[in-house]
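Visitor: Listed here are the chains, written in short residue letters.
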Amino acid sequence: MRSGTKRSPLLTLLTSIMLLYSLVPLAWLFINATKTQDGLFGSFGLWFAGDFALWDNVRETLTYDDGVFLRWLLNTLLYVVLGAGGATVLATLGGYALAKFDFPGKRAVFATVIGAVAVPGTALAVPTFLMFSNLGLTNTPWAIIIPSLISPFGLYLMWTFAAEAIPGELIEAARVDGAGELRTFVRVCVPLLAPGIVTVALFTMVATWNNYFLPLIMLKDPDWYPLTLGLNSWNDQAATAGGQAIFNLVITGSLLTILPLLLAFLLLQRYWQSGLAAGGVKD
Amino acid sequence: MALLEPPAIKRTGKRRQRRSWTGWAFAGPFMAVFAFVFLAPIAYAIYLSFFRTRLIGGTSFVGLENYKNVFTDAQFWSAAGRVTLFLLVQVPIMLFLALLVALAIDSGRLYGKAFFRVTVFMPYAVPAVVATLMWGFMYGNRFGLVANINEALGTTLPDPLSPGLILASIGNIVTWEFVGYNMLIFYSALQVVPKTLYEAAEIDGASQLRIIRSIKLPAIRGALLVATIFSIIGSFQLFNEPSILKSLAPNAITTYFTPNLYAYSLSFSGQQYNYSATVAIVMALLTMIVAYAVQLRSSRKER
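Chains A and B supply the protein sequences, listed in that same order. So in my numbering, the last one in the first sequence is 283, and the numbering has no gaps at all. So in my numbering, the last one in the second sequence is 303, and the numbering has no gaps at all.
Chain B on its own, in the form it takes in the complex (with noise of 0.2 Å):
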């Protein structure tokens, strides 16, 4: 992720500390509780994925059978599936909605800008439980808006806790949740960019959708990028909004609707922990590869 590098580190040339182990009085502490909570967990999970417990024999080394079974797992491939579905519409969307209001908002053209970006953030500040929790109970046909609108209308709208669509329902409260924050890093990274350039523009005679095309997005590639990745993370990793809701829709929510909530259920309902492991660190091993090859892609249309 060479785009995260921030300046400090292609600096030191310039003026060169002298290196000494003082820094580590002021890095320590951080990397203490890092090895702890980071890369010790993933050791212990690469080393469980190496073994099996049964009941009558104990624990065994097993090699990569592990693996090879989740390769071969139908429910595993229908978990990662589907978030690789819900990737290629949810991500899109929520990340095109964020542009169009960070630029609506950079273009000066607004009344109340401000209003505009705290309220359309304020999403974030709310848990992914309450507003899982929220937008079930408005999904709902018990006291919810859906209810409400079939009754004074008439209608029968379709069920949006129903199994077909569950998970367009579960990609529009990651919507409404991440919009505001992705908003936010575009709008930031727009204020960087020079006002001057868009001047000349202007002058120049270009279009606003010219100005947006050729100045605005190259711009902010940086920012695109970043917020394209942790989409991608973030989707791979579903599982609160489908935890929370399975409650309200135990019929269409299955315990492998994403590939976390299977490893979830393999560890505490089925006690499988050596597979659950091995699960996680498969899914883990696919995010990074998508996400390298998306920064990779990118990286190559720059040159």
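Next up, chain A with everything else stripped away, as it sits in the complex (with noise of 0.2 Å):
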């Protein structure tokens, strides 16, 4: 960092501007969390009401129609640790190979792969669904898993990140000292790859804890629903004629929903910051 340069109040005035946008909606989030319903209805948006019924909604939200909100968390846990923790694995391993191998075909993946990243996902979703519907998959856990295991966009950071973190010389000692590709790849290269895999690991499991386009066309019974879609038929409930409305529950669950993914992102700052810096958008 340049020492020379002063500080400015202003700028740091105007750049808060920015900052209470970022933040008026998540204190809105939590401050109606401690309403009741009635509360919510009676009281002004951005601040409390008289009673702090936060740890009420907490356990209403945990145990409303059986329990059902802990169900859908184990869903959305099960989703992301064999989806995400799989799209990373088999990213981490193809960047590897793209970065460090010359093999037959290599050009092609590569188009194939960075042409596939503008083809719209959604634009996938129906023949996707008539395929895993024709195979028996729809309304299994494996509609959601399986597609998730392939994230482009991590593919292309590791090959970045694998091309500059692992110099090719500690490749070739590896292999004068008889150890295997396997070997090699475990022992040598992926404790260099680690701030690259954080980054992915993060970035495929906010992708995987957010979805909900994917979820909405494959699952039908809400025992195999993930958080998001739990949280919106919560809320359409309200809709529905002779349904309860239960908004302080949809927005207590919402603030349970978004606290994993805001800690995860805090405690691990310094990795994912310097794996997106060291691999990621530059020209």
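It should be emphasised that the hints constitute simulated quantities derived from the structure, not laboratory data. Some hints could be false.
As the list claims (entries may be wrong) - In silico lysine-lysine, DSSO-like type, Cα no more than 27 Å apart, as pairs:
{"hint": "1", "chain 1": "B", "residue 1": "Lys195", "chain 2": "B", "residue 2": "Lys113"}
{"hint": "2", "chain 1": "A", "residue 1": "Lys6", "chain 2": "B", "residue 2": "Lys195"}
{"hint": "3", "chain 1": "A", "residue 1": "Lys220", "chain 2": "B", "residue 2": "Lys246"}
{"hint": "4", "chain 1": "A", "residue 1": "Lys6", "chain 2": "B", "residue 2": "Lys113"}
Need the complex rebuilt from these two chains, each delivered in its own frame; the hints are there to steer you.
Guide: Below, the structure written as structure tokens:
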């Protein structure tokens, strides 16, 4: 960092407008998670109502409808661990191969993957649904996990990252020492790739945790819903005839849904910021 | 998308590795799943688009007729027009704000810049469902902020969930979600610019504005282009936000509000899978053409 530059209160103030823009909705969510349903309708949105009902709301969210929220949370965790975890492994292996090996068809692989990035993901939804339906995979966790395994952006990130982080001489040296390819990869390369792997893991985790469209078309049975779909069904409940309005649970459930991801990003800051800077988008 | 090309592929000439099949052992798993969840559905969609299923008579080959129908489908074009308007207004605003914040943080003149960087990025980690519900509630007139303001000041603000304003309201939600993500892309790119360049320019008496225009912006051209292309793809794909807002603003959002919503309704309410696949393919082609045109225009400017 340059030490000569002076800090500017004016610039800080102006940029704080964007800070407020980012924070106010999150503050609104937290404040309103402390209100009862009556409190929601009867008090100012950006300040607390008389009674602090956060813990009651949390308890009610977790136990409503026989604890279906916990079921959705476990489903989400399943999709994240297998889907995002698998995506990270595949992207790491693939990125390493593209960066450090010359193999027949490499250019074709490159062209196909980059071309596929430009295809709108949702354009694939209908044919994927029909395919999976023919295979009997819809309405099962596999319908969510298998498509989550591919992250073209993750592959690209690992590719650029591996190209810069692993010196070719190091692989040569390991080979000369008689280490097999897999051993070389696991022992020598994976530690060097760690910041890139954390970055890809975080971004695929966000993508899987936040996924809405794929589960919406693939799942009918609420028992397999992830949190996103579950919350939306709670919100829709108020609009259906005879349905009970549970806005306080929708709001508290939303707060519980975003906390784990916000925490993950805050705690792993160092990794993903260096991972993005080194392997990220630059020309 | 030559700009996305990582350095490795160009560098192979320098120290040529032995060409062997070993690489496939590592790339194979990715490519196998990729073929199953990307290539197969694309091929299947193209196949579907050439057929039509009728209740009586079953499935028959119709050649390009589905495509002809899409081109004269008023609902499709109204949806495509809507996302184009969205693209032309929302994307520039979002990228401009992201660029301003990235430049402010990079300038080193902010108090607490790490706090700024993380906080502005944070909405990216919020699921579209939660972001849309949150903003939808705030827009609402039952217990939302708009209702609060109306009550407190005795005003009648226009309803953000009305048909006339709904697109702008969705634009605000999308901007909120992605401004920090784009900021981070720009900021990461700015980090790579050698600081000595700025110092030299400052010694020569260049103003900050001049440094931004002549050094910083040209240096992050690649990042600007990538962010623009991703935003174009994202706008054309618009689905989650209108689909979720639909229950809060049923009168403002039609089943053909965006091309994706249209394709979705065709499939899952109308069972018109063949036509829905055709709509999706046409939209994918339009997206690729626009993204390609943007890239072409930008690389021509470079020369």
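Visitor: Each hint needs a verdict: does it hold in this structure or not?
Guide: Each hint, compared with the structure:
no., hint, verdict
1, Lys195(B) / Lys113(B), "holds (17 Å)"
2, Lys6(A) / Lys195(B), "holds (16 Å)"
3, Lys220(A) / Lys246(B), "holds (19 Å)"
4, Lys6(A) / Lys113(B), "holds (13 Å)"
The structure fails none of the hints (numbered hints given earlier).
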